[in-house]
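Q: Note that the protein sequences, when read in sequence, are chains A and B. So for the first sequence, my numbering puts the first residue at 1; every next one is plus one. So for the second sequence, my numbering puts the first residue at 1001; every next one is plus one.
It is worth saying that the hints were derived from the structure and are not from the lab. Cβ atoms here follow ideal geometry from the backbone N, Cα and C, with glycine treated the same way. Just so you know, not all the hints are guaranteed correct.
[As the list claims (entries may be wrong)] Now the stretches of chain A that chain B is said to cover, found in silico as 3 or more residues with beta-carbon under 8 Å:
#, stretch
1, 17 to 23
2, 236 to 245
3, 292 to 305
4, 354 to 362
5, 366 to 377
Protein chains: 2
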Amino acid sequence: MQHNNNQNVSFANEPYRDPDFTINFKAPFNAEPRQDVLVQQFITPTEKFYVRNHAPVPDINGESYALKVDGLVGNPLILSLSDIKNKFEKVTINASIQCAGNRRTMMSEYKKVRGVGWGIASLSTASWSGCRLKDILEYAKVFTKTEGALHAVFWGLDFGCPEDNGKPYGSSITMEKAMDLDGDVLLAYEMNGEPLPRDHGYPLRVIAPGIIGARSVKWLDKVTVSSQESESFFQRRDYKIFHNGVDWNNVEKYWDKTPSLQELSIQSAICIPAPNSTLYLPFTITGYATSGGGRKVERVDISLDGGETWDYAELMGEDKGVCNKYWSWVLFKYTITQLPQLQNKDHQKIRLVCRAWDSASNTQPKDVKDIWNLRGVMNNCWHFVDITVLNQSIKNKL
Amino acid sequence: MQHNNNQNVSFANEPYRDPDFTINFKAPFNAEPRQDVLVQQFITPTEKFYVRNHAPVPDINGESYALKVDGLVGNPLILSLSDIKNKFEKVTINASIQCAGNRRTMMSEYKKVRGVGWGIASLSTASWSGCRLKDILEYAKVFTKTEGALHAVFWGLDFGCPEDNGKPYGSSITMEKAMDLDGDVLLAYEMNGEPLPRDHGYPLRVIAPGIIGARSVKWLDKVTVSSQESESFFQRRDYKIFHNGVDWNNVEKYWDKTPSLQELSIQSAICIPAPNSTLYLPFTITGYATSGGGRKVERVDISLDGGETWDYAELMGEDKGVCNKYWSWVLFKYTITQLPQLQNKDHQKIRLVCRAWDSASNTQPKDVKDIWNLRGVMNNCWHFVDITVLNQSIKNKL
């Protein structure tokens, strides 16, 4: 593959974006929806879906586009978009995609980390349609594991990633995930029933559900079957969790011996009310919870006292993939009608906390301090929101 | 199936047991090996393998034994032991089995829970041989999911479980797990290359790797394919995690809406040194780490300061099942050659802590308080051992 090493990359031809986005980085464009908007619906409207780019958005002609499949295959392929649409079964799944850096800002508040400063909304949920990566790889007569076929390596067409000397974005997943019929890995050409928009990978992207968003490569140029994982910066020098003794002075000796992130862990966050809100009773807490690897979110616990006592929230939107695994978030609600602490007071400050549990009995760690890591990834500690509740009855007496 | 409701169960015919066991309950027999012995080898010697029984151990004649397979199948079966050995492929996997109540005693120290008071050694690892449950169910022409086949329900031959009115032990797993070629669920007739001993289920038991030990039913009498999970006490009224507001007065309203435990979560413990040891430098910390669902233990962190700073332990015994999933624990080692705090002192008290991370970035919760639950299950909080380190150099000067 030829790489364009010209670093004078241009952002002059970016697509139109929703003006309501919270923009964390303008060029490349990285933005998340408002958190209250995010949980208004199970499927995120396309224009509200968070955007995580690493370079200018390519402007690709779908008519002349071609996907290459090479490496450890008996029958290397060059497929047009219509080949992909017509030769392989069309599959639709609902899946949430979450950036491994979701909630990084909170991690930085404890101790500074490097990376895009995401709030709690660098995840969204869409309905994705495309063909199975597995079907394409079988058509290419993919080698077996014993023949060395261990990783499906993806390259994008977004030349100009500054972190990787102007190369396009690249990443890989294991062949186990790629070839698992229950893995639901798609090469998607539709999002919410329409062709992919440019910001989400037109004309073709990977959707690898249950694993970090960084592996769902957009503007897919090529799939190489390899005995090694991707050599991209984004696989080898990013998206890894270290222990808290690793810093920018000693990190070099840790990169190679620390595994690349793949499956997501259990996660949840309160999206409504917003931090520092002032509210009357009754009010409703709304948020999302999600887990990786197809594991089901079994429950979400809510605490009104900072994590001393808990109750179950109501879960909405249970949704299985074609293979019976859980690739989509659940939304949760919890309504507070009374607050004993509020009696005979004008107001009461309280800390709302949420945490989720998945079908493998995994739950979220309590403190960000305990999972702090240099790259600020996989922050899934308990999420809390401090609010003030006003006493309506006292106000009525005024 | 006929149940023997006679509760005058007799423990007169129990098998011989290793005298070195820590016995937590004598009748039914519940015992764990010494924790230092446990981590001496990757495969636990059969006589050291922890034992969790619910009733007297049945004394079954392998010659006349018959396994029944019924329920949602087109071809109900009655199979002799030699049918099982000769008609179906023999498969061998290494797998750790862990009781969901492992480390319950520590949970009880925070706040009393009910159940066998396990230390940290109610798990062990063996090599299991048998046929795939999947192969037997296919031979029985099992119905599809859409035809209602959702659970594989197991009954044992250990009549006389007091919790369930004298019925035998029963439990179930999902058909997804049962029929997953990558699930490695066995009907095992050998343990470490020998016929199962009576305490471990002679002549046939379930081995459902990656999920709680309670689902690996011993002395298997019958497999019933059903649209419902097992109606056994042990499925419906036990082995569930509640939030900390659930107690014995209000638990009835929570049983049915709380899912039965299946997959294990990430777990680790320090087995050597023992708590309250007094040691000279250098010394080595040894322990185990394991995760559920076939997830790999990616790393084990060790802290010498109670969890403020961490370093990676060395992992030993990485071991994949036939399907490339990780069903066995890893053992870990970490050698301490110096201790800065010890300088110019006679001794230093330190708190050693371990915690593991799996391939889905799940890690253990810090405090037992935060995961406390009425049944005392799935205690996987950070494990710590308080020890005293003596200053050899000062001693030498005496």
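Q: Each hint should be assessed against the structure and marked as holding or not.
A: The hints, checked one at a time:
Using a Cβ-Cβ cut-off of 8 Å, 0 residues of the stretch 17 to 23 of chain A lie near chain B, which falls short of the minimum of three, so the contact claim is violated. Residues of the stretch 236 to 245 of chain A with a Cβ under 8 Å from some Cβ of chain B number 4, which satisfies the need for three, so the listed coverage holds. With 6 residues having a Cβ less than 8 Å from any Cβ of chain B, the stretch 292 to 305 of chain A passes the three-residue criterion, so the hint holds. Counting residues of the stretch 354 to 362 of chain A whose C-beta sits closer than 8 Å to any C-beta of chain B gives 5, which meets the bar of three, so the coverage hint holds.
With 4 residues having a beta carbon nearer than 8 Å to a beta carbon of chain B, the stretch 366 to 377 of chain A meets the requirement of three or more and the stated coverage holds.
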